[in-house]
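Here the structure of chain C is known, so what remains is to put chain G in place on it, guided by the hints.
2 protein chains.
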Amino acid sequence: MTSASPSRDHGDPGDAPTLAPPLSAPVDAVRPSPAEEARTIAASTNSATLATLTAGGDPWASFVTYGLLDGDPVLCVSDLAEHGRNLAADPRASLAILAPATETDPLANARVTLAGHVEAPRDDAERAAARAAHLAAVPAAKYYVDYRDFSLWVLRVQRLRWVGGYGRMDSAAGADYRAAQPDPIRPDAAGAVTHLNDDHADALAAMARALGGYPDTVTASCTGVDRYGLDLRLQTERGMAYTRVGFASPIDSMTELRSAAVELTRRARGH
Amino acid sequence: MTSASPSRDHGDPGDAPTLAPPLSAPVDAVRPSPAEEARTIAASTNSATLATLTAGGDPWASFVTYGLLDGDPVLCVSDLAEHGRNLAADPRASLAILAPATETDPLANARVTLAGHVEAPRDDAERAAARAAHLAAVPAAKYYVDYRDFSLWVLRVQRLRWVGGYGRMDSAAGADYRAAQPDPIRPDAAGAVTHLNDDHADALAAMARALGGYPDTVTASCTGVDRYGLDLRLQTERGMAYTRVGFASPIDSMTELRSAAVELTRRARGH
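Keeping their order, the protein sequence lines are chains C and G. The working numbering numbers the first residue of the first sequence as 1164 and each following residue consecutively. The working numbering numbers the first residue of the second sequence as 1164 and each following residue consecutively.
Next comes chain C alone, as it looks inside the complex (with noise of 0.2 Å):
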């Protein structure tokens, strides 16, 4: 269906670039969880902007510093701030994060919003563990931590959406973002990229063409690594596209890196 209006249909992609689709299923093309996108963020920065609400039920949103205990977020904020007074008075509220930003379009990078209510720590071991899990995030907090007037809250997540660019998201609950590790590898990710950008394109390519679902692949640049594999861009004879090669098996750091991505190599070029 056509329309003389203005508007359109969000399936409809105007003038938005369109994808080549592949020609053949992706082989290993498992990607890290919701869940698992989520806490990789959650390390990823101490810094992050909170969801409080105020004494009239108005949402209030304000920057905070953080630690993570066991994927918890830790706060410490003011009591005569107004988040400090708001979290005091219901504690409900939810924290979004920002990755360290990768593309110039802010929409394009990965986020997360976890979302539950706030507790004091329940005790002295869990005082003492989110105190130190906030100051080995936050070293400046070391001048109020101990005031009087701050407070400590440890945000209990209940569930959580993520966004990681355009068209990749997903939600997941608070248990399974608890469960998750962070990603070993995004933390060094870009010098990774880079490497096999600058030195392997022509491997990059391979795996497109051999594991990635294109044959008809031209050329291939990386745009990110974890540790289940490798995302691919992709130049094909039918356009731009994006695809995903996958690890043997997930690796636990970057010195696994250099060995699971010539295993990638061989098994594209069928030694």
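No wet-lab data here; the hints were simulated from the structure. On a predicted model such as this, the values are computed, not experimentally measured, just so you know. Glycine residues also receive a C-beta, built at the ideal position from the N, C-alpha and C atoms. Take the hints with a grain of salt, since some may be wrong.
Simulated DEER-style distance windows between Cβ atoms [what the hints assert, rightly or not]:
#, chain 1, residue 1, chain 2, residue 2, range
1, G, Asp1361, C, Ser1187, 55 to 63 Å
2, C, Met1417, G, Asp1333, 44 to 52 Å
3, G, Ala1188, C, Ser1334, 37 to 45 Å
4, C, Met1417, G, Ala1364, 29 to 37 Å
5, C, Ala1264, G, Met1332, 22 to 30 Å
6, G, Val1193, C, Arg1194, 32 to 40 Å
7, C, Ser1384, G, Thr1181, 47 to 55 Å
8, G, Asp1361, C, Gly1433, 57 to 65 Å
9, C, Asp1351, G, Ala1271, 47 to 55 Å
10, C, Ala1264, G, Thr1357, 18 to 26 Å
11, G, Arg1401, C, Asp1287, 37 to 45 Å
12, G, Gln1321, C, Val1425, 58 to 66 Å
Here is chain G on its own, set in the frame of chain C:
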């Protein structure tokens, strides 16, 4: 009073750095108003974190892009996204915006929360202006701004909370915010600060001694510049200090900065 408790009153700086007080009143230490600071921060970027209310009344923090229509943020969000559904059901919202970081300590950087409620544009003229304002700030929105399931929302700012860093914060009303102008100097301040520190350190120290209230200044560096003057960080014979020196009259452009700085230097040196 001393205490055996590990907690400290907020008034006790503990091992936080202490600052030397001025020995005389600074001359012309006018600063931007909180409303002006807020307008400048809002104009400094195109992404922020929105707080909305879920169907259950919980606070929901989510990343958004925005443009500005006479200072009021213009959002363009999917009606299918959680924040889009929230705004359609309850217009109360606030937006936390971070200025580009100038300090490594996250809490030392400037930010603002703009709070109010969203409205659809009031008529076709405002809709066209809101659409243009969003697209000017977020060029990639051209791919989805006209989709039927995306809505433009104007956040009518009713109040704001500005935080300039440690110990610098204030509130302002929405009307004052809309009447304020973004600072014309701040977008290019970083280069000016570098130039002043690299080439005019003696002049900065002379300003601090004669005009900034610190005749015992040993060295001075510039930490910020805006339409009204210069922020200075000093080493004095009594320790570290911060002060401010104001231009003879507010400046409107980078080209006026040079003559204003020369005039300040002459005045500081008694010429």
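Now the hints, each set against the structure:
Judged by the Cβ atoms, the range 55 to 63 Å given for G:Asp1361 and C:Ser1187 holds: they are separated by roughly 59 Å. Range check, C:Met1417 to G:Asp1333: Cβ separation about 46 Å, and the 44 to 52 Å hint holds. For the hinted restraint 37 to 45 Å between G:Ala1188 and C:Ser1334, the CB-CB distance of approximately 57 Å leaves it violated. Evaluation of the 29 to 37 Å hint for C:Met1417 and G:Ala1364 yields a failure: the beta carbon distance comes to about 43 Å.
For the hinted restraint 22 to 30 Å between C:Ala1264 and G:Met1332, the CB-CB distance of approximately 27 Å keeps it satisfied. Evaluation of the 32 to 40 Å hint for G:Val1193 and C:Arg1194 yields a failure: the beta carbon distance comes to about 55 Å. Between C:Ser1384 and G:Thr1181 the C-beta distance comes to about 52 Å, which sits within the given range of 47 to 55 Å. Judged by the Cβ atoms, the range 57 to 65 Å given for G:Asp1361 and C:Gly1433 holds: they are separated by roughly 59 Å.
Taking 47 to 55 Å as the suggested C-beta distance range, the pair C:Asp1351 and G:Ala1271 does not conform, at roughly 27 Å. Range check, C:Ala1264 to G:Thr1357: about 23 Å between beta-carbon atoms, so the 18 to 26 Å window is met. A hinted range of 37 to 45 Å for the beta carbons of G:Arg1401 and C:Asp1287 is consistent with their spacing of about 41 Å. For the hinted restraint 58 to 66 Å between G:Gln1321 and C:Val1425, the CB-CB distance of approximately 60 Å keeps it satisfied.
When each numbered hint is compared with the structure, violations occur for hints 3, 4, 6 and 9.
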